[in-house]
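Number of protein chains: 2
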Amino acid sequence: MTGIKILKIGGSVLTDKARLESARFEVVERIAAEIAGAGEGLILVHGAGSFGHIHAKNFGLVEMFSPEGVLQTHRSVVRLNDLVVESLTGAGSNPVPVHPLSSTILKDGRIDLMEIGPVVEMVNRGLLPVLHGDVAMDRVKGAGIVSGDQLVSHLARALKPEIVGLGTAVDGVIHNGELLAEVRRSDLSKIGSDLGPSAGVDVTGGMRGKLQELLDLADDGVSSTIFNAEKPGMIERALRGERAGTFVEGRA
Amino acid sequence: MTGIKILKIGGSVLTDKARLESARFEVVERIAAEIAGAGEGLILVHGAGSFGHIHAKNFGLVEMFSPEGVLQTHRSVVRLNDLVVESLTGAGSNPVPVHPLSSTILKDGRIDLMEIGPVVEMVNRGLLPVLHGDVAMDRVKGAGIVSGDQLVSHLARALKPEIVGLGTAVDGVIHNGELLAEVRRSDLSKIGSDLGPSAGVDVTGGMRGKLQELLDLADDGVSSTIFNAEKPGMIERALRGERAGTFVEGRA
Chain W
1 MTGIKILKIG
11 GSVLTDKARL
21 ESARFEVVER
31 IAAEIAGAGE
41 GLILVHGAGS
51 FGHIHAKNFG
61 LVEMFSPEGV
71 LQTHRSVVRL
81 NDLVVESLTG
91 AGSNPVPVHP
101 LSSTILKDGR
111 IDLMEIGPVV
121 EMVNRGLLPV
131 LHGDVAMDRV
141 KGAGIVSGDQ
151 LVSHLARALK
161 PEIVGLGTAV
171 DGVIHNGELL
181 AEVRRSDLSK
191 IGSDLGPSAG
201 VDVTGGMRGK
211 LQELLDLADD
221 GVSSTIFNAE
231 KPGMIERALR
241 GERAGTFVEG
251 RA
Chain S
1 MTGIKILKIG
11 GSVLTDKARL
21 ESARFEVVER
31 IAAEIAGAGE
41 GLILVHGAGS
51 FGHIHAKNFG
61 LVEMFSPEGV
71 LQTHRSVVRL
81 NDLVVESLTG
91 AGSNPVPVHP
101 LSSTILKDGR
111 IDLMEIGPVV
121 EMVNRGLLPV
131 LHGDVAMDRV
141 KGAGIVSGDQ
151 LVSHLARALK
161 PEIVGLGTAV
171 DGVIHNGELL
181 AEVRRSDLSK
191 IGSDLGPSAG
201 VDVTGGMRGK
211 LQELLDLADD
221 GVSSTIFNAE
231 KPGMIERALR
241 GERAGTFVEG
251 RA
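Protein chains in written order, with full-length UniProt numbering: chain W, 1 to 252; chain S, 1 to 252.
Rather than coming from a laboratory, the hints here were simulated on the basis of the structure.
Please note that the accuracy of each hint is not assured.
What the hints assert, rightly or not - Below, simulated SDA-like cross-link-like pairs (lysine to any residue); rule was C-alpha separation at most 25 Å, straight line:
{"hint": "1", "chain 1": "W", "residue 1": "LYS141", "chain 2": "S", "residue 2": "ARG110"}
{"hint": "2", "chain 1": "W", "residue 1": "LYS141", "chain 2": "S", "residue 2": "LYS141"}
{"hint": "3", "chain 1": "W", "residue 1": "LYS141", "chain 2": "S", "residue 2": "GLY60"}
{"hint": "4", "chain 1": "S", "residue 1": "LYS160", "chain 2": "W", "residue 2": "ARG139"}
{"hint": "5", "chain 1": "S", "residue 1": "LYS141", "chain 2": "S", "residue 2": "GLY60"}
Unchecked claim - Quick look at which bits of chain S chain W covers, simulated, 3 or more residues with Cβ under 8 Å:
{"hint": "6", "segment": "99–112"}
{"hint": "7", "segment": "228–241"}
Values in this document were obtained by computation on a predicted structure and should not be read as measured data.
Virtual Cβ for every residue (Gly too), placed ideally from N, Cα, C.
I would like the entire structure built from these sequences, with the hints used as guidance.
Okay, structure coming up:
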């Protein structure tokens with residue numbers, strides 16, 4: 001679909017990942033303002049950060065089905081989603097919350113089914129759908145975590161967007177202290193497990209999980225950029241298609 | 001699917017429909033306790049009442065697409081959904097909120113697409129999915145209202161449940177001051193537009209809309225019961241399959 005842009009903002013940008021449910025309000029507000037300036041055609045996905053990851057970990061949700069864990073983890077990430085939607089409204093966007101738990105089924109941790117029709121309708125009507133990392137039902141495990149990164153790659157695979165940008169709390173993929181301007185699958189064995197920092201509690205795989213997700217997406221022909229969303233102005237640059245951070249090139 | 005029961009509780013039961021966002025807390029609590037006693041296999045749908053209907057009306061949402069109307073109407077019904085989920089948790093159920101806006105697309109006011117897989121997975125795992133009348137994207141009008149009644153008939157058509165019960169604030173379909181124990185499509189022309197009271201603001205068609213929905217469902221072979229959920233004990237009776245109120249018989 002032409003004209004669509006998918007932007008992910010990591011939970012480590014929006015929250016203090018080490019402290020339960022602590023949003024970084026000033027960052028959320030700044031990012032909302034940057035997004036409001038980005039125009040139409042955008043789908044936003046945000047991570048859970050300390051809303052969700054800590055709950056999921058406490059309930060052992062990844063290892064063991066827990067009805068209370070499903071509800072409490074979901075409600076926690078929805079609280080962050082509410083904050084993001086509120087800030088976007090204040091900044092002049094027309095956000096609409098979209099909750100993966102309502103539309104998605106996993107199979108052993110991977111998206112097996114996700115209804116994205118409503119998201120597309122929203123974008124077509126000038127709304128800004130705001131999805132988030134969430135808990136979702138899992139055909140194998142009962143329930144599991146669907147990360148914002150997995151949502152991004154699923155949406156991007158289906159919609160073939162113009163731009164896929166992943167805003168994180170670091171400059172991109174760091175290897176031996178250096179920012180990699182570009183990563184291809186063939187680089188992965190070279191750089192091994194040293195992929196730079198990933199702060200706080202994360203049940204979804206950190207930078208390695210993110211890169212794996214984006215390399216799989218690249219195999220399907222969709223390029224993406226990992227950039228530093230803590231630096232003002234970077235969202236705008238990423239959404240314009242500028243190379244800023246690490247570029248994961250799609251193989252057409 | 002055997003063993004599934006679908007219960008709808010009307011917005012006029014859970015809220016004071018004449019006053020903006022006024023939940024009837026003691027009723028919500030009592031109903032939550034009755035539902036918690038009903039065992040597994042249940043899907044709950046609740047109406048919006050004064051959460052949603054009044055917003056939708058104020059924004060003219062049915063006639064005219066409004067980005068702010070979509071968000072504000074949705075957030076309002078989600079506030080009621082939160083209350084219901086909270087009460088159900090307190091009563092010992094394992095509720096999970098399911099938001100139609102995330103999973104459903106309308107076409108000129110009717111459900112064109114709805115992903116119900118997550119709802120089925122929830123029931124299979126012993127959770128209690130809690131859906132609600134909601135705003136949803138509409139391929140023709142931009143956005144529209146999907147009533148709890150329409151959700152019930154859509155789910156029932158797909159799942160062929162054992163029981164479909166619709167708890168309202170009246171005893172059932174009243175004609176000439178008398179409760180009709182049974183209604184078939186052939187009765188509709190006889191009873192005309194006098195179908196008993198429907199209090200407060202309702203953008204989804206009142207008792208006539210409900211009956212039309214259930215007669216369509218009956219045509220597809222699924223029976224349902226309209227009963228008075230304001231009377232304690234009636235939910236249990238309806239879920240046991242007792243004839244209480246007005247029975248709309250499915251033609252096999």
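Each hint, compared with the structure:
no. : hint                  : result
1   : W:LYS141 <-> S:ARG110 : violated, 34 Å
2   : W:LYS141 <-> S:LYS141 : violated, 39 Å
3   : W:LYS141 <-> S:GLY60  : violated, 44 Å
4   : S:LYS160 <-> W:ARG139 : holds, 21 Å
5   : S:LYS141 <-> S:GLY60  : holds, 12 Å
6   : 99–112                : holds (count 7)
7   : 228–241               : violated (count 0)
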